[in-house]
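Participant: Guided by the hints, dock chain B with the ligands onto chain A, whose structure is given.
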Amino acid sequence: MKIVVTVKLVPDTNADKRIDPASKRLVRTGVETVLNPFDEYAIEAALQLKDKAGEGTTVTVVTMAPESGKEVVRKALAMGCDDAVLLSDDGLAGSDVWGTAYALAAAIKKSGFDLVVCGTQSTDAITGELPGALAEFLGVPGLTYVRKVELNGTTLAAERETDNGYLKVSCPLPALISVTKSIGEARYPSLKGIMGAKKKTIAPLTLADLALDAPVGSVGAKTEVLALAQPPAREKGKVVHVADGAEGARAIVDFLKEKKLI
Amino acid sequence: MKDVIVYVEHDGGRPRRVSLESATKAKELAAALGGKTRAVVLGKDARAVGAEMLTYGVDVAHVAEDADVDAFAIDPQVDYLEAVAREAGPALIVVPYTMIGRDLGSRLGARLGAGMTADVTDLKVEGGRVACVSPKLGGLTITTCGYLTDYGIAAVRPNAFKASGGQAGGEVVELAKPAGKSYAMKVEDVVVEAAGEVGVEEASVVVSGGRGVGGPEPFKTILKDLADALGGAVGASRAAVDAGWVTHSHQVGQTGKTISPSLYIAVGISGAIQHKVGMRTAGTIVAINKDGSVPIGEFADLLVVGDLFQIVPELTNHIKSGAHHA
Ligand SMILES: Cc1cc2nc3c(=O)[nH]c(=O)nc-3n(C[C@H](O)[C@H](O)[C@H](O)COP(=O)(O)OP(=O)(O)OC[C@H]3O[C@@H](n4cnc5c(N)ncnc54)[C@H](O)[C@@H]3O)c2cc1C
Ligand SMILES: Nc1ncnc2c1ncn2[C@@H]1O[C@H](COP(=O)(O)O)[C@@H](O)[C@H]1O
Chain A
1 MKIVVTVKLV PDTNADKRID PASKRLVRTG VETVLNPFDE YAIEAALQLK
51 DKAGEGTTVT VVTMAPESGK EVVRKALAMG CDDAVLLSDD GLAGSDVWGT
101 AYALAAAIKK SGFDLVVCGT QSTDAITGEL PGALAEFLGV PGLTYVRKVE
151 LNGTTLAAER ETDNGYLKVS CPLPALISVT KSIGEARYPS LKGIMGAKKK
201 TIAPLTLADL ALDAPVGSVG AKTEVLALAQ PPAREKGKVV HVADGAEGAR
251 AIVDFLKEKK LI
Chain B
1 MKDVIVYVEH DGGRPRRVSL ESATKAKELA AALGGKTRAV VLGKDARAVG
51 AEMLTYGVDV AHVAEDADVD AFAIDPQVDY LEAVAREAGP ALIVVPYTMI
101 GRDLGSRLGA RLGAGMTADV TDLKVEGGRV ACVSPKLGGL TITTCGYLTD
151 YGIAAVRPNA FKASGGQAGG EVVELAKPAG KSYAMKVEDV VVEAAGEVGV
201 EEASVVVSGG RGVGGPEPFK TILKDLADAL GGAVGASRAA VDAGWVTHSH
251 QVGQTGKTIS PSLYIAVGIS GAIQHKVGMR TAGTIVAINK DGSVPIGEFA
301 DLLVVGDLFQ IVPELTNHIK SGAHHA
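Here the protein sequences come in this chain order: A and B. If you read the first sequence in my numbering, its first letter stands for residue 1, the second for the next number, and so on. If you read the second sequence in my numbering, its first letter stands for residue 1, the second for the next number, and so on.
Hint data in this document are derived by calculation from the structure and do not stem from the laboratory. There could be a bad hint or two in this list.
[Said to hold, decoys possible] A few chain A positions that, by computed beta-carbon distances, are all more than 10 angstroms from chain B:
id	residue
1	51
2	109
3	112
4	152
[To be verified] Below, a list of computed lysine-lysine pairs in the BS3-like style, where the Cα atoms sit at most 30 angstroms apart:
id	chain 1	residue 1	chain 2	residue 2
5	B	320	A	260
6	B	290	A	260
7	A	148	B	181
8	A	236	B	290
9	A	236	B	224
10	A	168	B	220
11	A	2	A	50
12	A	259	B	124
13	B	124	A	50
14	B	162	A	2
15	B	162	A	259
16	B	290	A	238
17	A	110	A	52
18	B	220	A	238
19	A	260	A	236
20	A	259	B	320
21	A	199	A	259
22	B	224	A	257
23	B	186	A	52
24	B	186	A	109
25	A	260	B	124
26	B	220	A	257
27	B	181	A	2
[To be verified] Reference listing, derived: stretches of chain A covered by chain B, where coverage requires no fewer than 3 residues with Cβ under 8 angstroms from a Cβ of chain B:
id	region
28	161 to 167
29	173 to 186
No residue lacks a Cβ here, since even glycine has one placed at the ideal position from N, Cα and C.
Bound-form chain A, shown alone (with noise of 0.2 angstroms):
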């Protein structure tokens, strides 16, 4: 069984993100970068698949990011995962959405796989649209925001969220699944784990060993950026210190009528 888990590589959230106006893209140079924080759970979620599973179960981490991302990549391997493919080239900047699955499927395909995770959503984008592109490109049963799963065999079993609950989906490998954190917490990674990542591979990929059919990177970019403006800044507003619940109350009521909402 081969689990693919592809992960991101974003600034740190407490980074101060810019994004270049000439170029419109995000600044990713000057900025501490970190593992997306929601791929965490999808290789928590892998590992613990392969725990289960144990012997011939492999984790191949795939990400699609500069060649500097790959002390990042380490975290992966020492968290427990077994390899990893860093797909870099130059002609992948300005990849939207369409071209960062289409890319990244090659490259999974290349690799091979029963079963991709991923995480939600990217904490820099936060479009939770890749997983799903991803799944028709590789042209397999996607399932998302799965919060539970279990491999019985070649078949999956899984809950998704719902807004109101959830659904219990099964389906035949190879499948795509994102994980949300009600998957559990992500281990850290121990110092043995530590230790052995140094050992570990990762594969580099370009492009020129995907030989796409279709242009990626900004040429190929379906949409593009117009303007980008900063939004007004909240201002600071009203704050009335209150002696009891009563008076609490009546201030919130006042407001509220005055700002008709009530």
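Facilitator: Positioned in the frame of chain A, the structure of chain B with the ligands alone reads:
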């Protein structure tokens, strides 16, 4: 000429409000583009929901009460949507930016080679082209994007547009079942845990609790009571979710939901940046906190400094009794 196709998410015979909002916006866009507004309604109750969509200005409601739509996840919907899109020709396709909408939009986008825009909060037609506005980087930047493709897919954020019904005209048309398809992702069971509750993404009023709420009970009692009195939903900070007091589906913020209700009431929440990015586009923000120097005070429209356990129940009583009408 360009048609605008709206995928209608529905539940229990009722379209979700985001779909009504989308249809209303779609009508305006279709008028500007010189095309038709089409709705796609699938699965159980599709005919009735389709008929209701006509009152929101839809010209053609394409419906299919196909059991496969409810028996299998996602793929049947994508096939139907694809069929309508190909029939309409170059078009704008509007899906809700919800769990289901994100899946449909992205699968369809991959299949049609369409430009995809996510978390769209405004849509306009400028010089015959559709422009999509969406906040990026937690609302720090507002981008306007255009499509470079025949088909464009916009996933729109709930509460971004106003729904306006009461219109006449239009027709309901049955869709033919896409031929030669087989489906693998079988729905074994649908478990409803919170029947009739509006999700935080869709509610126009959200009452959120944080660490200050102190435990799971107040979420079910005092916060829920206030949310009910205001016709809203209960949200939460990550601290409350991580403590196990409420489920993750209630979480607002960077690793939860990004929402734009008209009123957001933050109860016992300090207003960390990761929380702020999920709710900063709310219409009005009211915070209740015992500490007057919390970060949320910097961007709330009203910060009431006091004890939440005293204030919230009193507030609920006021709202319920309609005392504010006096
Ligand atoms: C990668 C990452 C992602 C994150 N994603 C999210 C996210 O999606 N959403 C999110 O919310 N956070 C997120 N966080 C966490 C965030 O940084 C804060 O830790 C969190 O929002 C704090 O929650 P809180 O405001 O409930 O708790 P606290 O900061 O502890 O605030 C509790 C507040 O309650 C007040 N209080 C206590 N008792 C009372 C009382 N009786 N009456 C009135 N007030 C009272 C206190 O004065 C205090 O201000 C994320 C963090 C990271 C690193
Ligand atoms: N460049 C990338 N390389 C590998 N995986 C990615 C990349 N971008 C997105 N993903 C995966 O897709 C998920 C959703 O990302 P997004 O659609 O960008 O919000 C992430 O959690 C990752 O698992």
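Participant: Each hint should be assessed against the structure and marked as holding or not.
Facilitator: Each hint, compared with the structure:
{"no.": "1", "hint": "51", "result": "23 angstroms, holds"}
{"no.": "2", "hint": "109", "result": "14 angstroms, holds"}
{"no.": "3", "hint": "112", "result": "19 angstroms, holds"}
{"no.": "4", "hint": "152", "result": "13 angstroms, holds"}
{"no.": "5", "hint": "B:320 - A:260", "result": "16 angstroms, holds"}
{"no.": "6", "hint": "B:290 - A:260", "result": "26 angstroms, holds"}
{"no.": "7", "hint": "A:148 - B:181", "result": "28 angstroms, holds"}
{"no.": "8", "hint": "A:236 - B:290", "result": "17 angstroms, holds"}
{"no.": "9", "hint": "A:236 - B:224", "result": "28 angstroms, holds"}
{"no.": "10", "hint": "A:168 - B:220", "result": "26 angstroms, holds"}
{"no.": "11", "hint": "A:2 - A:50", "result": "9 angstroms, holds"}
{"no.": "12", "hint": "A:259 - B:124", "result": "28 angstroms, holds"}
{"no.": "13", "hint": "B:124 - A:50", "result": "48 angstroms, violated"}
{"no.": "14", "hint": "B:162 - A:2", "result": "47 angstroms, violated"}
{"no.": "15", "hint": "B:162 - A:259", "result": "18 angstroms, holds"}
{"no.": "16", "hint": "B:290 - A:238", "result": "15 angstroms, holds"}
{"no.": "17", "hint": "A:110 - A:52", "result": "26 angstroms, holds"}
{"no.": "18", "hint": "B:220 - A:238", "result": "29 angstroms, holds"}
{"no.": "19", "hint": "A:260 - A:236", "result": "20 angstroms, holds"}
{"no.": "20", "hint": "A:259 - B:320", "result": "18 angstroms, holds"}
{"no.": "21", "hint": "A:199 - A:259", "result": "62 angstroms, violated"}
{"no.": "22", "hint": "B:224 - A:257", "result": "21 angstroms, holds"}
{"no.": "23", "hint": "B:186 - A:52", "result": "24 angstroms, holds"}
{"no.": "24", "hint": "B:186 - A:109", "result": "24 angstroms, holds"}
{"no.": "25", "hint": "A:260 - B:124", "result": "28 angstroms, holds"}
{"no.": "26", "hint": "B:220 - A:257", "result": "26 angstroms, holds"}
{"no.": "27", "hint": "B:181 - A:2", "result": "27 angstroms, holds"}
{"no.": "28", "hint": "161 to 167", "result": "holds (count 7)"}
{"no.": "29", "hint": "173 to 186", "result": "holds (count 4)"}
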